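**Student:** So you can see what is in the structure, the chains are spelled out below.
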Amino acid sequence: MNDRQLLTRDLLVLFGLTGWGLSLPYLGSEFMVSMGLTCLMYVALSSSWGLFCGSTRYLSLATSAFFGIGAYTCAMQLEQLGWVATIALGAAVAAGVAIVMGAAVLHLRGTYFAVLTFGMTELIRHAVTYYEKSVTGTVGRVLAVVPERDTIYLTVLLLAVLTVGLSMWVRRTRLGLALMGIGADEQRAQTLGVNTRWVKLAGFAMTAAVAGAVGAAMSVRWTYIDPHTVFNPFIGFQTVLIALIGGAMTLWGPLIAAIVFSLLAETLRLQAPQVYMMSLGLLLILCVLYLPGGLASLRWDTWKLWRDDTRAWWKEKKREWTGEKAREKKRSREQRLV
Amino acid sequence: MTLGAWLELIGSGLITGGVYALVALGMNLQYGLMRILNIAHGEFLMVGAYLTWMAHTSLGLNPLLMIPVAFAVLGVAGMAIHFLCFRRLVSTSPNLDIFEARGLMVAFGLMFLVQNMVSWIWGGDLRGYDFMTDPVQVGGAPVAGNKLVVFVLALLFSLGLLALLRATLLGKGVRALMQSPVGAQLVGIDTKRLHPFMFGIGLGLSGVAGCLLSMAYTISPSMGEPYTVTALIVITLGGFGSMGGALLGGLLLGVVEAIGMHYTNPSLKALLSYIVFISVLLLRPEGLFTRKTRKA
Amino acid sequence: MTESTKPIASRRRILQGGAAMGALSFAPGLMAQNAPVRIGYSMSRTGPWTGGAQVSQEPNFLLWAEQQNAAGGLDVKGTKRRIELISSDDRSDVETVVRTYEKLMGSDKVDLVLPPWGSNANFAVAPLANRFGYPFLAPTALSRRLVEMKLPYFFLLLQQPKSMCDALVDMFKANGVRSVACIYVDDLFGLENYAAFKVALQGTGINLVEDKSYPGGVKDLSPVLRSIKDKNPDAFVGFTYPPDTILASRQSKEIGFNPKIFYASVGTAFPLYKNVMTPAGAEGVMGMGSWNAKTSPGAKAYFDAHVASQKKEPDRWASGACWAGLEILTAAVKQVGLDRKAIRDFVAGTTHKTIIGDVKFQGSENVGTPGTVSQWQNGEFEVVWPAARATAKLNANKPAWK
Amino acid sequence: MSDVATPVLLEAREVTVRFGGLVAVDSVSTAFRAGELVGIIGPNGAGKTTFFNAISGVTEPTSGRLLAAGRDLTGAGPHRFAGRGLARTFQTPRVFTDLSVQANIEFGLKFAGRRRRKWIFWGDEVGVPWALRDAAGILRLVGLSEQAALRAGDVTPSQQRLLEIGMALSTRPRVLLLDEVAAGLTEAEVVAMARLIRRLRDELDLTVVWIEHAVKILLRHVERVIVLHQGRKIADGPPREVVRDPQVIEAYLGDEMSEDETVETPDASPTGGRA
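Protein chains in written order, with this note's numbering: chain A, 1 to 338; chain B, 339 to 634; chain C, 635 to 1036; chain D, 1037 to 1311.
Derived from the structure by calculation, the hints contain no laboratory data. In this text, all values refer to a predicted model and were calculated from it rather than measured experimentally. Be aware that a few hints might be false.
[What the hints assert, rightly or not] Below 30 Å or equal to it, Euclidean Cα-Cα: the simulated DSS-like pairs (lysine-lysine) are: (1) A:Lys133 x C:Lys853; (2) A:Lys315 x B:Lys530; (3) C:Lys784 x A:Lys133; (4) C:Lys807 x C:Lys894; (5) A:Lys133 x C:Lys832; (6) C:Lys796 x C:Lys784; (7) C:Lys796 x C:Lys846; (8) C:Lys894 x C:Lys1027; (9) B:Lys530 x A:Lys329; (10) B:Lys530 x A:Lys318.
[What the hints assert, rightly or not] Per the computed footprint, the stretches of chain A lying under chain B, defined by three or more beta-carbons under 8 Å from a beta-carbon of chain B, are: (11) 121-133; (12) 233-246.
Note that beta-carbon positions come from the ideal geometry of N, C-alpha and C, so glycine has one too.
The task is simple: from the sequences and hints, build the whole structure.
**Tutor:** Structural data, given as structure tokens:
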């Protein structure tokens, strides 16, 4: 497939999925909608995570920070500003924080970056707690006036579609190319004229804006928010997990993984809640070990490859156990002596 | 404040610091030596705590007896985990950066796996038991007996590990490995054997920490994460892979927190430790106590 | 010991109940309505809320269903119908709680719902339950603001901060306390109680010598306790969570901080406290508690049944409220059937007799149960204040830690 | 040395690079003029690559100044150097292995090589030479047209080296900095490489600065050579004069001026992202 065909295909898939998403509130049950909502939330979060962190290989654990910032913005401003403006503001504030945070930490790579973003998230959480406690005099906030459920659903759907669309668009622009270049060899990209600093900041801010908007949209479902729930690091962890298992470098990987996980979560949660989380962990480990490209990189060839690998390994083991190998070694040594 | 009160305050900070140092030991070894940032560290610590709690409440064993048991059980588990996960990672990762990132992800998976396995086996209740909580007078200041044990053992383990790494042949190999994995291979150090072994020791140490902490604190399946974070902060302060640094870092953090808490607000404490953590990472990523030797 | 098997065990228990039900259904009067009453809830079985949820809430739900089913089922306006509990884990995650209740009330259309654990979850579900018109009797939600939301279907069983703190301060006044130090956790629970406590202290002449907040999950409180010890207050008050309650107690013992009154909560009412601190160590410690087996014959029966069925003691505060809520629900269903509007009106308009005494709602708030103070005495968490509720005499001079 | 009229494109003034206690480059000053073909040689650990990293913006000098066409670029990021027409290659080819050969070239064209359309005229002062007008042209120039669609990770190492040069050209540079492009090549390939380099200079009018460990090849092709020793510049002039310089001979005594192809241990790791 050439470039244009690929684009058409992606657009068609996105269009079809959007249609499904739109019809859900009319066709599906109450429960389907709320499940769809969680699913869409993770589609948006992990797709946007993949957009920056996937292509540049900067492992950010700060998603929950931006999510929480969005949620708090919403809690503070919803009554004054109205729904759309609040979400936009949530995105803007999160992006702003991301730029400040990024300026401080984006020169560090790898584990340092991951650890720092995690530390920053905790710092923001504690700072918000402290601020609320000492200035506002309370910790949580109650969102008394909230929009209809369908409004929330459609908003999150729109955000998810926008995120996937954004991800598609960025991949076709210089920005996407630059992000990819940074992931492959940051210094080489620099010497080819990429202003990596700005590119990284822009990518990071984009990721944050989506997370902020999603946080703002989701917080109203909870009526009451406090730093502990909205800055919950597990929101970030889960996002990373889903993106990586799906394939953070790919466009559709995070989406596929988010859907798989929502289904898995609902079916397993009722029977054996711990098993769900355990399988999440196990899947991640298996993915990292045997499928570094994620679920989206799964092809028929992959199965074949695994099969061949296992066979070869088995053969080798058999040779070892039957003593064939030792004999061979001995033989070759004797030959050398001769 | 009187001098006595000051000493008492610093003493309590030192003891908490000892706990921090103990918590950081295993993680430090794993990251410093093998570049595996074991995010699941706190979870393994929790396993140690649960084993001890179970042995104490249902079998009536003395928790102190459980120290070697916890070490052995988790040590073996660690070697198994290394064999199953990290061995393959080492061979398939194209470079150290990618290995680190993937190792981190595997550890993430382990975190989810272990935490929920424990909650599956033992349930989510808060647990605890009473052991050596009577205060002991140390230089006029009362200190809980179990905390004192924790502190003394933290010191012993840190210093022991330090001595082991400095003085023995094994230590030479390990240190060579820390400084340059390739170089170590070149001079004939068998990384294939040493890696799983050291990973096992790392986990064993977290088991010991868990065992000791279960005497002083309540335990639950979700207790792990804060300890992981503490360990991270401590090894950042001390410099990744430096045993002495971690000990000093832990003690320093304990004292600073105690004094900070006394003068300001305990609520600020969390904020304070994260600020310290982040500024150290940004300004002195090689740790507070290591001399600045940036290699060309 | 093996909590994990509980969901499975409970299912088994329900099945057994079902079998018993099957046997009973030969009785002609009960044949009429065979369909079970479906009651749904979500509960934390994993994650940080598990500790509280599995002590004060879920065991009661299970025990209740077991008891009702053993008696032939829930009495719905004279017809006995088996209870079928539909429950799932919420992973201590608010979004999952919301989703579960949307499923229960919106898709599954269960007959009744029981509340989730904790203020956060209840905050999220309360408006939802109100929208769907499900009466909601929450035993573990504690916030003035939940009351202020004025949701007609929502009822709070636990005494709210104001009544608890008023009772505490009354007790202080009656026992000549001149000075008090307070620590509180940095969240809704801590802050609201602290605020109510300060209001209650106004005009009493009791001097608040120290007040400090701390973040949840703190590992060391001794510096704070030391500075409080230096100020030597008559009473110590901690609005703390279970791990911190135990930490504060242990560290007070460690540094030899022995005020006349040592009050801490949540967690003092848990059997865990006694197990961890040992009965001798817990002696004289006070906390939020509102009942024990001596409170009423009903309470005794409940206590014994809980121990027999769940293999652990209920806590002496929220468990009682939780059970009271279930009693109210049982009575309501008996009276008006499963019409949820009628249940709501019944709950709102009646003074209920429960194991924790009379419960009466004004808006969402339970105004029937007064604020109480309890104290560990000889291995039992006795209600000691107010006198009308007391199961034992107050000991206003706590012995030194043991 | 050179015609005063030809403009200086890149000038280093007392550039010093220090790593901790080690002085890798010690106060080196030099200038590169338009159209020059300059070689830089030096024994192992002389600081050649570090000097290169400094003048291409990869390593920030500890002190000293760098000027590109009169503008001060000291402390600027490598992308600014690339944007001002300074392109470089790396000792071990650093191509984007997952992209096609063609896409590797297009990368540079989209960043440092990007020009507004109206400037693309042959002979224009700030414009783009005909041979560099698109990816196909560059590929033809370096001789990789047939490999255009292959994955860059799948072509041979010597082809990767050519691609590396192609990538540098894709930034449409005025100064080309080549880091040991001939190392590890066969004799025939070395000759072809030297011819390519001369062509780049002659036809595209590029200034070429060429580091090579194998001194003899270099001396055969360059017009001016700079000798570094222990981080200091010890000679600068036409090859014939430089080889007679007693200081140079002494520096090379232990490290004979041979054509042996021993791999030079990198005297400075081209510092990863974290530093």
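**Student:** Evaluate each hint against the coordinates.
**Tutor:** For each hint, the structure was consulted:
Taking the CA atoms of Lys133 of chain A and Lys853 of chain C, the gap is about 20 Å. The hint holds against a cut of 30 Å. Pair hint Lys315 of chain A plus Lys530 of chain B holds up; C-alpha atoms about 22 Å apart against a cutoff of 30 Å. A hinted pair counts as satisfied when its Cα atoms are at most 30 Å apart, and Lys784 of chain C with Lys133 of chain A qualifies at roughly 25 Å. Only pairs whose Cα atoms come within 30 Å are accepted, and Lys807 of chain C paired with Lys894 of chain C is accepted, the gap being roughly 13 Å.
As the CA atoms of Lys133 of chain A and Lys832 of chain C are separated by approximately 16 Å, the hinted pair is consistent with the 30 Å bound. Using a Cα cut-off of 30 Å, the hinted pair Lys796 of chain C and Lys784 of chain C holds, with the two alpha carbons roughly 17 Å apart. Only pairs whose Cα atoms come within 30 Å are accepted, and Lys796 of chain C paired with Lys846 of chain C is accepted, the gap being roughly 20 Å. Only pairs whose Cα atoms come within 30 Å are accepted, and Lys894 of chain C paired with Lys1027 of chain C is accepted, the gap being roughly 15 Å.
Restraint check: the Cα-Cα separation between Lys530 of chain B and Lys329 of chain A comes to about 21 Å, which is no more than 30 Å; the hinted pair holds. Annotation: proposed proximity of Lys530 of chain B to Lys318 of chain A holds, straight-line Cα distance about 22 Å (limit 30 Å). Beta-carbon proximity to chain B at under 8 Å applies to 7 residues in the stretch 121-133 of chain A; the threshold of 3 is reached and the given coverage holds. Counting residues of the stretch 233-246 of chain A whose beta carbon lies closer than 8 Å to any beta carbon of chain B gives 5, which reaches the threshold of three, so the coverage claim holds.
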